[in-house]
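Participant: Take the given structure of chain A and dock chain B to it, following the hints.
Chains as they are written, first to last, in my numbering: chain A, 1 to 212; chain B, 1 to 276.
Incorrect hints may have been included.
What the hints assert, rightly or not - Heads up, simulated SDA-like pairs for lysine to any residue below, C-alpha to C-alpha not over 20 Å straight-line:
#: 1; chain 1: A; residue 1: Lys62; chain 2: B; residue 2: Val128
#: 2; chain 1: B; residue 1: Lys217; chain 2: A; residue 2: Pro130
#: 3; chain 1: B; residue 1: Lys5; chain 2: A; residue 2: Ser22
#: 4; chain 1: A; residue 1: Lys68; chain 2: B; residue 2: Glu143
#: 5; chain 1: B; residue 1: Lys217; chain 2: A; residue 2: Asn129
#: 6; chain 1: A; residue 1: Lys212; chain 2: B; residue 2: Ala23
#: 7; chain 1: B; residue 1: Lys139; chain 2: A; residue 2: Gly108
#: 8; chain 1: A; residue 1: Lys212; chain 2: B; residue 2: Gly240
#: 9; chain 1: B; residue 1: Lys217; chain 2: A; residue 2: Lys26
#: 10; chain 1: A; residue 1: Lys62; chain 2: B; residue 2: Glu155
#: 11; chain 1: A; residue 1: Lys26; chain 2: B; residue 2: Asn4
#: 12; chain 1: A; residue 1: Lys116; chain 2: B; residue 2: Gln216
#: 13; chain 1: A; residue 1: Lys212; chain 2: B; residue 2: Ile27
#: 14; chain 1: A; residue 1: Lys205; chain 2: B; residue 2: Leu26
#: 15; chain 1: A; residue 1: Lys116; chain 2: B; residue 2: Thr179
#: 16; chain 1: A; residue 1: Lys26; chain 2: B; residue 2: Met159
#: 17; chain 1: B; residue 1: Lys153; chain 2: A; residue 2: Val54
#: 18; chain 1: B; residue 1: Lys139; chain 2: B; residue 2: Lys161
No lab work stands behind these hints: they were computed from the structure.
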Amino acid sequence: MSGFMTTFGLWLSVFFTLSIFSFLYKDNPFYKLSEQIFVGLSAAYWLVYLYYSVMVPNLFNKLFTDFKGNLILLIPTALGLMMLLRLIPKAQWLSRYPIAIMIGTSAGINMVRYAKTDLLGQISATMINPFASDNVITVIGNILLIVGTICGVYFFYFSKKQEGIRAVPSKLGIWFLMISFGASFGYTVMARISLLIGRLEFLLKDWLHIIK
Amino acid sequence: MSANKNTQTERRIIYLVLLVAVALPLIFPIGWKTEVSSYTKMAWELIENTPDSSVVLFSFDYDPSTITEIQPMAEAMLEHSFSRNQKIIAVALWPQGVQMADQAFTVALKKYPEKKYGVDYVNLGYKVAGIVAIQAMGKSMQEVFPSDQSGTKYENIPMLKKVKTLKDVAYICSLSSGTPGIKEWVMAARDPLGTPVTGGTTAVSAPGLLPYVNSQKQLYGLLGGLKAASEYETLINKIGSATIKMDAQSIAHLLILVFIIIGNIKAFYSRKRGAQ
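Looking at chain A on its own, in the form it has when it is part of the complex:
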């Protein structure tokens, strides 16, 4: 039976892979069917998965085994239930409180972390002696890093009209930004091709057994 299910699962995967690929030719019922099944299945899967991996171990197990010792868990439980009240129009206003707490907590935690990592950390990383290395390539890289950072940030300085000499770093900043966008695009292409390779490997290896 398990052998049959494995083979059935394999053919099902092949069917859905080819159905999704068929969109590249043109929109068709097979693609639509696969898309709808994927959306529905994902929603159901995550609901069940999160229930068993989040709710059960973190809430229900703890409350059922040691209720008195985990009384504090009743607070997030109540807040969670209040969140669900969004579904009842008359009691909808109650869901604003857990949302407010979530936003406030997230902002509080992230403000400190982002300030340290993304602001102070990145500024410190740019404050380097560009000529400290003996390697010419490293020195050039360091100079580009400093100039690129300053010009890139200057590009977003809008308090004064950028003309004459003030326009030079801004124009340089655009170049650095364009190059970084190009690099990002290159990386994105690489990622998408990797996904295609993954699917083709599945078709050629697991299904057709053409490759080992």
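Facilitator: Relative to the frame of chain A, chain B by itself:
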């Protein structure tokens, strides 16, 4: 209408040629060599230079959708860590990361069958809450993971005896394809606690994380995409799945470059014709 139809046909030809160009090198591998980048070398050096018997932490922060890019990294880095006799704690900030960890360990253990669960490696499983969970691990690992995947109590796992907080691990390696992932480990572990962080990510996410590989060593190197995975395999002398797939990747990139050139020439001539 006719121009539209032409574009449609051209688009289909491009997809077809790309499909063939990617499939052929998978069937008939070319065996092109990959140059190792400094980012990959840096990550490799961190694992290589960490002393024997150190306890290290691998976080599996991805799911099957990015398995092609990240799983080869996970397998190569785990193998490298095992080869240095390091003791590995696996955790997951993504629910399906647990299965990804199990799969990666299965592959690594084929090469190192003598490694024992609980003594040389352990899978503590998934924890919800991302950055908050990492922050809590900075205070007490046991509170966040009272038991491992199979239900064994934290205090009964031999290799965890001396691991109280994240400060007790030699480095953290996050294999991530989004949030929570590498950035959260940098924010909640590297910056406040000083524990070195390295990792691997998808090619899409790499440009956003590369600025953290800097003079402050917020990240000790970074593996970005399939190419970096194949670079890592080269460094540990392994012909793994990433190395095999890189032929297809390189051919596809060359083909895209050709298409871009053809597209530009075509656009140039049609503009010229329009001007006339």
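Participant: So, for every hint listed, does it hold in this structure?
Facilitator: Against the structure, the hints come out as follows:
1. A:Lys62 with B:Val128: holds (15 Å)
2. B:Lys217 with A:Pro130: Since the Cα atoms of Lys217 (chain B) and Pro130 (chain A) sit roughly 16 Å apart, the hinted pair holds (cutoff 20 Å).
3. B:Lys5 with A:Ser22: holds (18 Å)
4. A:Lys68 with B:Glu143: With Cα atoms ~18 Å apart, Lys68 (chain A) and Glu143 (chain B) stay inside 20 Å; holds.
5. B:Lys217 with A:Asn129: Holds, because 16 Å separates the two Cα atoms, which is no more than 20 Å.
6. A:Lys212 with B:Ala23: Holds. Lys212 (chain A) to Ala23 (chain B) sits at ~14 Å (cutoff 20 Å).
7. B:Lys139 with A:Gly108: holds (19 Å)
8. A:Lys212 with B:Gly240: It holds: about 12 Å lies between the C-alpha atoms, which stays within 20 Å.
9. B:Lys217 with A:Lys26: violated (48 Å)
10. A:Lys62 with B:Glu155: holds (19 Å)
11. A:Lys26 with B:Asn4: With Cα atoms ~14 Å apart, Lys26 (chain A) and Asn4 (chain B) stay inside 20 Å; holds.
12. A:Lys116 with B:Gln216: Holds: Lys116 (chain A) and Gln216 (chain B) sit about 12 Å apart, inside 20 Å.
13. A:Lys212 with B:Ile27: Roughly 9 Å between the alpha carbons, so the hint for Lys212 (chain A) and Ile27 (chain B) holds.
14. A:Lys205 with B:Leu26: Satisfied, since the Cα-Cα distance of roughly 10 Å is no more than 20 Å.
15. A:Lys116 with B:Thr179: holds (18 Å)
16. A:Lys26 with B:Met159: Violated - the C-alpha atoms of Met159 (chain B) and Lys26 (chain A) are around 56 Å apart, more than 20 Å.
17. B:Lys153 with A:Val54: Holds - the C-alpha atoms of Val54 (chain A) and Lys153 (chain B) are around 19 Å apart, at most 20 Å.
18. B:Lys139 with B:Lys161: holds (16 Å)
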